[in-house]
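All residue numbers for the sequence shown refer to this note's numbering, where the first residue is 1 and numbers rise by one.
Check the hints yourself; a few may be wrong.
Stated by the list, open to error - Derived CB-CB ranges, DEER-like:
no. : residue 1 : residue 2 : range
1   : 61        : 173       : 32 to 40 Å
2   : 5         : 89        : 15 to 23 Å
3   : 128       : 61        : 29 to 37 Å
4   : 61        : 160       : 32 to 40 Å
5   : 146       : 178       : 23 to 31 Å
6   : 89        : 23        : 25 to 33 Å
7   : 82        : 130       : 23 to 31 Å
8   : 109       : 162       : 41 to 49 Å
Everything labelled a hint here was simulated from the structure, so no lab data went into it. The beta-carbon is built from N, C-alpha and C at its ideal position, and this holds for glycine as well.
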Amino acid sequence: MVNLPDATAVVIGIGGIGGETARLCSEFGMTVIGVDPRVESPPEGVSEIVHPDNLDKALPGADFVIVTVPETPETQRLFTIEKFRLMRSSAHFINIGRGATVVLDDLVTALQDGEIRGAALDVFEIEPLPSGHSLWAMPNVIITPHCAGAGPYLDDRRTELFIENCVRFSEGRELKNIVDKANWF
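Let's have the full structure, built from the sequences with the hints guiding it.
Here it is in structure tokens:
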């Protein structure tokens with residue numbers, strides 16, 4: 001059992017989803033380390049920001065590794081067996097970002113070999129995850145059907161964002177959630 005106030009979460013990607021994930025983790029008393037190439041100072045709930053070049057230094061101290069990044073050339077196959085071997089054997093791996101960021105066979109090996117304790121996965125390298133895949137039978141894995149972003153207030157949040165962006169546009173201010181094609185998201 002993990003005592004959350006004593007735990008450390010490494011949240012990879014401190015955008016909208018990662019930032020909210022970090023804030024919620026901190027509400028449970030967790031120490032949160034954010035990994036992001038574009039964020040220089042820690043936002044609410046984040047104790048420290050680490051550049052992705054230093055991810056390998058952050059992983060050994062994590063009780064939870066939470067991936068929220070989009071799929072880009074830099075994030076594809078980010079998590080290989082080498083990364084899992086850097087993690088504590090008691091660590092939990094959570095992916096609510098994109099499946100292509102994790103080499104699925106390497107994750108299975110890490111779980112089977114006890115390199116990490118467990119995983120919670122909303123996205124997969126292969127979607128949908130084949131019905132005969134070994135992850136389905138693992139007692140230390142939680143699988144959801146690519147629905148982590150869904151919830152009872154999703155439509156309300158989208159409407160609020162739309163209205164806020166309309167106001168920002170009319171005032172000549174920068175809009176929220178602008179897609180930066182150069183960064184792939």
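Right, here's what the structure says about each hint:
1. 61 to 173: 32 to 40 Å: Since residue 61 and residue 173 have Cβ atoms about 39 Å apart, the given range 32 to 40 Å holds.
2. 5 to 89: 15 to 23 Å: 21 Å, holds
3. 128 to 61: 29 to 37 Å: At roughly 34 Å between Cβ atoms, residue 61 and residue 128 fall inside 29 to 37 Å, so the hint holds.
4. 61 to 160: 32 to 40 Å: Hint holds: Cβ distance 36 Å, inside 32 to 40 Å.
5. 146 to 178: 23 to 31 Å: At roughly 24 Å between Cβ atoms, residue 178 and residue 146 fall inside 23 to 31 Å, so the hint holds.
6. 89 to 23: 25 to 33 Å: 28 Å, holds
7. 82 to 130: 23 to 31 Å: At roughly 25 Å between Cβ atoms, residue 130 and residue 82 fall inside 23 to 31 Å, so the hint holds.
8. 109 to 162: 41 to 49 Å: 44 Å, holds
In this structure, none of the earlier numbered hints is contradicted; all agree with it.
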